[in-house]
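Engineer: The lines below spell out each chain.
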Amino acid sequence: MKHLLSINDLSKAEAISILDTAQEMARVSDGPMKKLPTLRGRTIVNLFAEDSTRTRISFEAAAKRLSADVINFSAKGSSISKGESLKDTAQTLQAMGADAVIIRHGASGAAQRLADSRWMSGAVINAGDGTHEHPSQALLDAFTIRKHLSKGASDLSGLRVAIVGDVLHSRVARSNVLLLAKLGAQVVLVAPPTLLPVGVESWPCAISYDLDAVIDNVDAVMMLRIQMERMSELFFPSAREYSRYFGLNSDRIRALKPDAIVMHPGPMNRGLEITADAADGARSVIVEQVANGVSIRMAVLYLLLAGNQEIGATL
Amino acid sequence: MTQENYLLRGLTLPDGSKSDIEIRNGKISALSTSIAKSEEVIEVDLSGSVALPGLVDLHTHLREPGKEDAETVLSGSMAAAKGGFVAVSAMANTSPVADTAGVVEQVYALGQSAGFVDVFPIGAVTRGLLGEHLSEIGAMADSRARVRIFSDDGNCVFDPLVMRRALEYVKKFDGVIAQHAQEPRLTIDAQMNEGEISSRLGLKGWPAVAEEAIIARDVLIADHVKSRLHICHLTTSGGVEIIRWAKARGIDVTAEVTPHHLLLTDERALSYDPIYKVNPPLRTQRDVEALREGLADGTIDIVATDHAPHPAEAKEVEWQEAAFGMLGLESALSIINQTMVATGLMSWEAVADRMSYAPARIGRYADHGQEIAVGNVANLSVINPTQSMRVDRDRVASRSRNTPFHGMELQGVVTATFFRGSPTYLNGKLTSQGDE
Chain A
59 MKHLLSINDL SKAEAISILD TAQEMARVSD GPMKKLPTLR GRTIVNLFAE
109 DSTRTRISFE AAAKRLSADV INFSAKGSSI SKGESLKDTA QTLQAMGADA
159 VIIRHGASGA AQRLADSRWM SGAVINAGDG THEHPSQALL DAFTIRKHLS
209 KGASDLSGLR VAIVGDVLHS RVARSNVLLL AKLGAQVVLV APPTLLPVGV
259 ESWPCAISYD LDAVIDNVDA VMMLRIQMER MSELFFPSAR EYSRYFGLNS
309 DRIRALKPDA IVMHPGPMNR GLEITADAAD GARSVIVEQV ANGVSIRMAV
359 LYLLLAGNQE IGATL
Chain B
140 MTQENYLLRG LTLPDGSKSD IEIRNGKISA LSTSIAKSEE VIEVDLSGSV
190 ALPGLVDLHT HLREPGKEDA ETVLSGSMAA AKGGFVAVSA MANTSPVADT
240 AGVVEQVYAL GQSAGFVDVF PIGAVTRGLL GEHLSEIGAM ADSRARVRIF
290 SDDGNCVFDP LVMRRALEYV KKFDGVIAQH AQEPRLTIDA QMNEGEISSR
340 LGLKGWPAVA EEAIIARDVL IADHVKSRLH ICHLTTSGGV EIIRWAKARG
390 IDVTAEVTPH HLLLTDERAL SYDPIYKVNP PLRTQRDVEA LREGLADGTI
440 DIVATDHAPH PAEAKEVEWQ EAAFGMLGLE SALSIINQTM VATGLMSWEA
490 VADRMSYAPA RIGRYADHGQ EIAVGNVANL SVINPTQSMR VDRDRVASRS
540 RNTPFHGMEL QGVVTATFFR GSPTYLNGKL TSQGDE
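Taken in order, these protein sequences are the chains called A and B. Under my numbering, the residue at position 185 of the first sequence is numbered 243, and the numbers go up by one with no gaps. Under my numbering, the residue at position 292 of the second sequence is numbered 431, and the numbers go up by one with no gaps.
I should point out that these hints are in silico values taken from the structure, not numbers from a laboratory. The beta carbon of each residue, even a glycine, is placed where N, CA and C say it ideally should be. Possibly wrong hints are sitting among the right ones.
[Stated by the list, open to error] List time: in silico DSS-like cross-link candidates among lysine-lysine, alpha-carbon distance up to 27 Å:
#, chain 1, residue 1, chain 2, residue 2
1, B, K568, B, K176
2, B, K343, A, K145
3, B, K206, A, K145
4, B, K311, B, K386
5, A, K205, A, K93
6, B, K176, B, K157
[To be verified] What follows is a list of derived Cβ distance ranges for each label pair:
#, chain 1, residue 1, chain 2, residue 2, range
7, A, P95, B, Q424, 49 to 59 Å
8, A, D270, B, R529, 53 to 63 Å
9, A, N275, B, P323, 40 to 50 Å
[Claimed, not checked] If you only want the chain B side, here are some residues facing chain A, beta carbon under 8 Å, derived:
#, residue
10, S338
11, L340
12, L342
13, G344
14, W458
The following block holds chain B by itself, in its conformation from the complex (with noise of 0.2 Å):
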C-alpha cells in the first residue's frame, strides 16, 4: 500500500508559530506559511488548531490478554488514537500476567497488527505480580517487544528488598521500575481518601501517607543503587513535595499525574457512586492544585492516564463493591487543555514536553516524542483548544463506558492525530494504518 501525502493547511506550532504541515512518506516534509499545493498532496483545513509531537502515554490498561468484555489492544488503541496518542503502554496485569518474553510478544504484535498507535507493553517486576520473585526481566527486554519498563501496577513493589533488586537488575537493560506507591498495610479494603469526607461516608481511608511513605523509601533505594525509578500516578501534595527534593538531589527519578487527578476531588464520592472511585484516590483541592504547580514546573515529568476500562457489572455495585479505575484516554488532552493551558499554568511548549517527550525518553521510546521539524516522523496531535466538547459515555471508543466525566463539558477538542505519516484519526473518523 502507497501512502498518502499530506498537506495540513491552519496550525499553530507548539512555540506559537503559525505554520503548514507538509507530509510525504510518512515524515514531515515542509514546515511554514506558504507551502504550495502539489497534485499529490491531500490538503485539510485545520484551522485554529494546534499541532503537538504525537502524543505518549505510558500507563494503560489494555486488558487483553484475559479481559476482553473490558477492553482489547484493538478497542484501546482506537480510545488512545480519538485522544490524540501515537504510542501507549500496556500495563502488565493481564491475565496472564505480562512476566515472560512470549506475553509481550503477543501484547506488542496486537498493537502493530490494530495498527492505531504503537503498543509497547510494560513488563511485570515480580512474577504473578505477587512482590515475591524477579519476573523473566531480560527476556523481556530482549524479546521483539523491547521492554523497557517494568512494573507490578495495581500492586505496590512493598517489599525494600525486591524493590531494591528490582532497581539494581534493570540498570543491566537500561530499564525502568515504575512504582505504583501504596503501602499496603495502612491500605487495608482502603476505598477512597482519607479525611473528612471519608469520615463522614463511612468509607475506609487511604491516607496520602501511605503513598508518600513509599515513595520516599524508594527514591532513598534509587539514589543508593544508582537506578531510574519511575513514580506512577503521583495524588498528594506531599508526594510532589518529596519529588521535588529527590531532584534537587540528583536523583534519577521520574513521576507522572493522571488527568482526573488534576482535575476532580474526594468531594464526589458524596454521590457514593462508584465511578469515581480509582486507586490511588481522588484526593482534596489543596492536592490538586499542588499537582498542577508540579506539573507546571516540571517536578512531575509527564501526564499519564491510567485508561482504566471495566464492564457495567463491576461498577454498577455499592461503592466498596465495585472495581478501582476510569478511563482516561479520550478525555486527557481535553483537561489537560482546560486544567493547565487554558489557565495560564503551561504552555503548549510544556504540554509537548509532559505528553510526548519526556515519556518517549522515560520509556525509550525511539521514534517517538520528537519536535515537530522537517525530516521527522510525522506522529502529531491536533488539538482545537478553543471548541468544547460534553463527554458521553455511549460514544467512547473504548469497549467500556465508567467515563466520570459523563455530560461534563471539557474545552478542547482533538481534530487529528497522524501516526507515521497517516492520519488514525481525522473529520470524526478512526482509521487503521496497521498491515491487515
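Chain A with its partners taken away, still in its complex shape (with noise of 0.2 Å):
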C-alpha cells in the first residue's frame, strides 16, 4: 500500500490489519506517553483546500503522536485561494520534501489525480474528496463498530448497519457501505429516493425509503448530515417532513435493539437528521468516534510510512 485513496485500495485482511494497529495505537494514547518516535524527520503536509475542522486537528493529532513534522496548508490565505492550480502545490510541496500529503478537496478524484500525476512522489492519503470517499472515516467507523458489536472477531460478519441520509452527497457513505461489506456486514442504504444516486444498485448494500421499517432491525445507525441547501435544490419539500421521515429521534432512539449504538461522522445538524436526545444519550459514541479517528489516522500514516518496521519495536 502506497496512497490511500479509496477503500477499493484495500484488501480485507489490509483493513483488518488497519484496524488491529489502530488498537495498539489506542493504547498508546491511553497510556501515560502519548508520543511514538516513529515519524520522526518526515514531513506530513495537510493540504486541506476545503474547509475541515475535525478531520484536520485529527490527522495533525495522529501525525504528531507519531512525532513527524506537520505542515498545515489550508485554502483560507493560501496560494489555493489565488487561484493556483492542484499541479502547481503539488510540485511546491514535493520541492518542500514533503513524505506524505493528506489531502481534503472539493473535486472528487483530487486525491487520485494527485497520486496518479508526476507532480509528487509522496504517499497521498484521502481525507475527503468531493462527493467520492472519505475511507479514514469509513476505517474509524469500522473500528468504532468492532470495538462495541464484534464480540472479539476481528470482521463485521452478522453485523447490520444502517446508513441513513444525504446519500448522494455523501463520501462518507460511499467509503462506508464499501468498507462495511467488504469486512462482512450487511449494510442498508436509507433515504429519500432524491438523495440516492442513479446507479445505487450495485453497490454491495440494500435499499429502504422507510426508516422506521429497518430501525428495529439494525446494530449500529449511521446518520449522515444533511446541508439546508439541499431544500431549495428540491431533493425534499421541508425539514420538518425530512426530520419526519428520517430523523433520529427519541421514538426511534426506543426501537433500535439493546446493544445498537447510534454514529454521526459530524459535524450534526441537530433538530434536522438527529435530536438532541439522540445524539446526545446512551446509545451514542459520536464522541467516541472522534477519539478513535485519531486512532486510526495514526495506523494509516504508520502502516505507509513506517510498514516494515515492527509496531513493537517502537513502544
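Relying on the hints, combine the two individually framed chains into one complex.
Structural biologist: Listed below in C-alpha cells is the structure:
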C-alpha cells in the first residue's frame, strides 16, 4: 500500500490490519507517554483545500503522536485561494520534501489525480474528495463498530448497519458501504429516493426508503449530515418533512435493539437529521468516534510511512 | 503554379475492385489497372491501401478566432489533412462567436489560404449562442462562406420556440439546424454519464434522458414545420431508437456519431483523468453497441469528429475543473476502420457514404462527396487498413495534445490525402495547396 485513496485500495486483510494497528495505537494514546518516535524527521503536509476542522485536527494529532513534522496548508489565505492549480501546489510540496500529503479537496478524484500524476512522489492520503470517498472516516467507523459489537471477531460478519440520509452527496457513505461490506457486515442505505444516486443498485448494500421498517433490526445506525441548501435544490419539500421520515428522534431510539449504537460523522445538524437527546443519549458513540479517529489515522500513517518497522520495536 | 499530375498505383476502390487512379489537372482522368505511365505524371505506389472519396467532417472546433493557443484554422486544417479529410465544418463557438457574415467570411478565407482542406464555417443559430435571438442567418447564408449549417453547439437551443423559429427560418436558405441535444436543467454541473460509474465516483451525472428528451422534442418540431434537423454527436441507445422512429415516419432528420463514442465507454472515468471528459459524455458498452449498429444500418447518417482541442492547462486539473472535449481529426478514420470495417459491420462503400457523400449532402458542399469516377474532382482519402499505428500525442499536427487515444494501437493508417488533385498529405508529409 503506497497511498490511501479509496477503500477499493484495501484488501480485507489490509483493512483488518489497519484496525488492529489502530487498537495498538489507542493503547499508546491511553498511556502516560502519548508519543511514539516512529516518524521522527518525516514531513507530513495537511493540504486542506476545503474547510474542515475535525479531520484536519485529527490527522495533525495523529502525525504529531508519531513525532512527524506537520505542515498545515489550508485554502484560506494560501496560494490555493489565489487560484493556484493542484499541479503547482503539488510540485511546491514535492520541492519542500513532503513524505506524505493528506488531502481534503472539493473535487471528486482530486486525491487520485495527485497520486497518479507525476507532480509529486510522496504518499497521498485521501481525507475526503468531493462526493467520492473519505476512507479514514470509514475505517474509524468500522473500528468503532467492531469495538462495540463484534464480540472479539476481527471482522464485522453478521452485523447490520443502517446508513441514513444524504447518500447522494456523501463521501462518508460511499467509503462506509465499501468497507463495511468488505468486512462482512450487511449495509442498508435509508434515504429519500432523491438523495440516492442513480446506479446505487450496483453497490454492495440494500436500499430502503423507510427508516421505521429498518430501525428495529440493525446493530448500528449511522446518520449523515443534511445540508440546508439541499431543500432549495428540490431534494425534499421541507426540513420538517425530512426529519419526520428520516430523522433520528427518541421514538426511533426506543425502537432500536438493546445493544445497538448511534453514530454520526459530524458535524451534526441537531434538530434536522438527529435530535439532541438521540445525539447525546446512552446509545450515542459520536464523541468516541472522534477519539477513534486519531488512532485510525495514526495506524494509517504508520503503515504507509513506516510499514516495514515492527510496531513493537517502537512501543 | 501549374498543378502536377499523379498516377496512384495499387489501390482498392470502395466497391472492392482494384484500380490505379490517374489525376490530371485536379480531376480524375483514368481509372483502371492498366494505365500506362506517361512522362509528365508522378507515380505513387499505394499498394495495399483503399481509396475513398475525400472525407468531410461536419463537426470540428478550430478555435480561431479567439483561442489560438488551442488551435488555429491552419493547424486544424493540417490535422484534418493528416486524418484524410478534404473538408471540415468549423463550429461557431469562437470568440467572437460566428454569428455574423464578417466572422464566417474570415474563417472561410483563413481556410482557403491555409490550403489543406475546405473550411466551411457553421453559423450560430442565436446571437452570441445565448439561445434568445436569431443570429444573422441570412447574411451568413448569402456571404462568400455560403453557410448552410447553423448550430449553437456547446449549447443546446433549449427554448422550443426559438428552435421552432430557427427550423422554419433556415428553410429559405435550404439550411439545416444542427442541434446539440442537452436538456440544460437535467445537466446542471454534469460531469459524466449518469449511471453505475458516476454513482461510485461521486461525479455529477449527465443522464441519457437529457439528450433523448431534446431529440424527441426536436424531431417532432421539425416534422411540424417540415424543415431539416441534424442531431450532433448522438451518444445513447435511446437516441438511436428515436432517430430510427423519426426516419420511419419520414421526418427529415439526420444524425452523427463521433469516433470516440464508438470506441470508449464511461469506465474510462475510473481513472479520474479528464482526458476522457467530453460533452456529451462517454456512455456505456450497450450504447456503444447501439451506436455501431445505428451507423451500420444508416439510422446514423454520418461520422463527425467533434474535434475539440484544449491547451494542457485545461486538462491538467481535477476532473470537475477540466474542459470538455478531445482531439479527433487525426485518428477518426483509423477508429472507423477498427470499430466498423475490421469488425465486419460496414463495407468501405458504407464508410464512403458516412464520411463523404452523406456529410457533403447535409452541408450542401457541392464539390465534395463525389464518387471516385473519371471527370470528378480528385478529392481522395487513402487508408492502409491492415497497418496499425500507436497514437502519440507529441506527434500530432494539432496545436493541442488532448487525445484520449495516446498510447493506443489503432488499426488503419492514412497513407495519402489528395485535395483538388494535389497531395496535402503523402509519405508522412503535409503540403499546403493554398494560394500563399
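Engineer: Which hint numbers does the structure go against, in order from smallest to largest?
Structural biologist: none
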